[in-house]
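*Asks:* Assemble the whole structure, with the sequences as input and the hints as a guide.
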Amino acid sequence: MEILSPEQKPHKVMSKLLHCLEFGCQLGWFLDPDDRRMLLFQPNQQPKLLQGNDRLPVPTWLALALMANQVFGWLQMAAE
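Quick note: the sequence shown uses the numbering used here, first residue 395, plus one each step.
One should not assume that every hint holds.
List time: in silico BS3-like cross-link candidates among lysine-lysine, alpha-carbon distance up to 27 angstroms [stated by the list, open to error]:
id, residue 1, residue 2
1, Lys442, Lys403
2, Lys406, Lys442
3, Lys442, Lys410
Label pairs and their calculated CB-CB ranges [stated by the list, open to error]:
id, residue 1, residue 2, range
4, Met461, Pro441, 28 to 36 angstroms
5, Cys419, Ala457, 18 to 26 angstroms
6, Lys442, Glu416, 17 to 25 angstroms
Think of the hints as simulated: they come from the structure by calculation, not from any bench.
Think of the CB as a built atom: it goes at the ideal place given N, C-alpha and C, for glycine as much as any other residue.
*Replies:* Given below as structure tokens:
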């Protein structure tokens, strides 16, 4: 998971996620708190835009159901 901060350039953060996928990572989330959207990265697939009540994929071994707006809600609480 990578969270874009105001001083970061999006392409540099996405490069980190792509590097991880290249070396075996199966899932990457790129979060942009300003527009409350995220990009989902998975091996050999195009990035997918997620927002609002979109359900986030998690590893099969993890019994967890998350929606994009929940994650952004946690970020907002942490900032307060």
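*Asks:* Evaluate each hint against the coordinates.
*Replies:* Hints, one by one, checked against the model:
1. Restraint check for Lys442 and Lys403: satisfied, since their Cα atoms lie roughly 19 angstroms apart, inside the 27 angstroms limit.
2. Distance check on the hinted pair: Lys406 and Lys442 sit about 18 angstroms apart at the alpha-carbon level, within 27 angstroms; holds.
3. For the suggested pair Lys442 and Lys410, the alpha carbons sit about 17 angstroms apart, so the restraint of at most 27 angstroms is met.
4. Against the hinted window of 28 to 36 angstroms, the Cβ-Cβ separation of Met461 and Pro441 comes to about 18 angstroms, which falls outside the hint.
5. Take Cys419 and Ala457: their Cβ atoms lie about 20 angstroms apart, and the range 18 to 26 angstroms holds.
6. Distance hint for Lys442 and Glu416: a CB-CB separation of about 18 angstroms, consistent with the stated range 17 to 25 angstroms.
The earlier numbered hint that this structure contradicts is number 4, and it is the only one.
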